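Peer 1: Sequence:
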Amino acid sequence: MAHGAEGPRAAGEHGVSDHTTTYFESFDAARLALHRQGEGRPVVLLHGLFSSADMNWIRWGHAERLAEAGFEAVMPDFRVHGQSEAPQDPARYPEGVLVRDVAALAEHCGLEDGAFDLVGFSLGARTALHLAARGVLSPRRMVVCGMGVSGLTGW
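Residue 35 in my numbering sits at position 35 of the sequence shown, and the numbers go up by one each step.
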């Protein structure tokens with residue numbers, strides 16, 4: 001079998017516990033989880049809808065492979081996902097909330113324009129496109145996958 005093809009890893013298996021989890025406050029003081037693994041040029045990995053950094057990037061070994069290749073995987077859990085806060089007040093979900101959360105992440109991590117890569121899957125891909133199209137972040141490279149093109153006009 002190919003590396004990683006054996007399926008998701010259980011907690012405690014090689015690689016799964018090699019990441020760290022901390023928390024940061026977003027623009028509205030929402031407490032968001034931040035998972036990191038490896039050292040080197042940062043690669044921000046944005047997960048899909050109803051998922052988490054653990055499900056999209058950690059369990060399947062993607063973060064571990066990036067770390068082994070000399071990168072730092074920087075993986076937030078979007079609000080209401082994974083280990084991040086799920087505010088109950090609808091006012092805590094203004095338009096562009098995920099874009100603002102990732103901008104707060106970039107500020108928290110000290111990510112400078114052109115000094116990091118950005119990867120998004122599904123909802124994370126749409127968020128990455130919004131970040132770049134609005135000039136909020138300027139990654140060195142960007143990869144988007146697992147999303148449709150419906151609704152991508154009029155930004």
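Worth double-checking, as some hints may not be accurate.
Just the calculated beta-carbon pair ranges, DEER-fashion [what the hints assert, rightly or not]:
#1 Asp113 - Asp89: 18 to 26 Å
#2 Val136 - Val80: 19 to 27 Å
#3 Glu68 - Asp89: 36 to 44 Å
#4 Tyr93 - Gly135: 16 to 24 Å
#5 Gly148 - Ala86: 21 to 29 Å
#6 Glu25 - Pro90: 33 to 41 Å
#7 Arg140 - Pro87: 16 to 24 Å
#8 Arg92 - Glu112: 36 to 44 Å
#9 Pro90 - Cys145: 12 to 20 Å
#10 Pro90 - Phe50: 30 to 38 Å
#11 Gly40 - Glu95: 18 to 26 Å
#12 Gly148 - Met55: 14 to 22 Å
#13 Glu107 - Gly146: 37 to 45 Å
#14 His108 - Arg134: 16 to 24 Å
Hints in this document: simulated from the structure, not taken from any laboratory.
From a predicted model like this one, the values you see are computed outputs, not experimental measurements.
Built from N, CA and C at the ideal position, the CB exists for glycine as well.
Peer 1: Against each hint, give a clear statement of whether it holds in the structure.
Peer 2: The hints, checked one at a time:
1. Restraint check, Asp113 to Asp89: a C-beta distance of roughly 33 Å breaks the suggested window 18 to 26 Å.
2. In this structure, Val136 and Val80 meet the distance hint of 19 to 27 Å, their C-beta atoms being roughly 21 Å apart.
3. Take Glu68 and Asp89: their Cβ atoms lie about 42 Å apart, and the range 36 to 44 Å holds.
4. The hinted window of 16 to 24 Å between Tyr93 and Gly135 holds, with their beta carbons roughly 23 Å apart.
5. For Gly148 and Ala86, the Cβ-Cβ distance of about 26 Å falls inside the hinted range of 21 to 29 Å, so the restraint holds.
6. At roughly 20 Å, the beta carbons of Glu25 and Pro90 sit outside the given window of 33 to 41 Å.
7. At roughly 32 Å, the beta-carbon separation of Arg140 and Pro87 lies outside the given 16 to 24 Å, and the hint is violated.
8. Our hint of 36 to 44 Å for Arg92 and Glu112 is violated, since their Cβ atoms are close to 29 Å apart.
9. At roughly 30 Å, the beta-carbon separation of Pro90 and Cys145 lies outside the given 12 to 20 Å, and the hint is violated.
10. Under the hint 30 to 38 Å, the C-beta atoms of Pro90 and Phe50, about 19 Å apart, miss the expected range.
11. In this structure, Gly40 and Glu95 break the distance hint of 18 to 26 Å, their C-beta atoms being roughly 35 Å apart.
12. Judged by the Cβ atoms, the range 14 to 22 Å given for Gly148 and Met55 holds: they are separated by roughly 20 Å.
13. Distance hint for Glu107 and Gly146: a CB-CB separation of about 27 Å, inconsistent with the stated range 37 to 45 Å.
14. At about 19 Å, the CB distance of His108 to Arg134 agrees with the hint of 16 to 24 Å.
Violation of the numbered hints given earlier is confined to hints 1, 6, 7, 8, 9, 10, 11 and 13; the remaining hints are satisfied by the structure.
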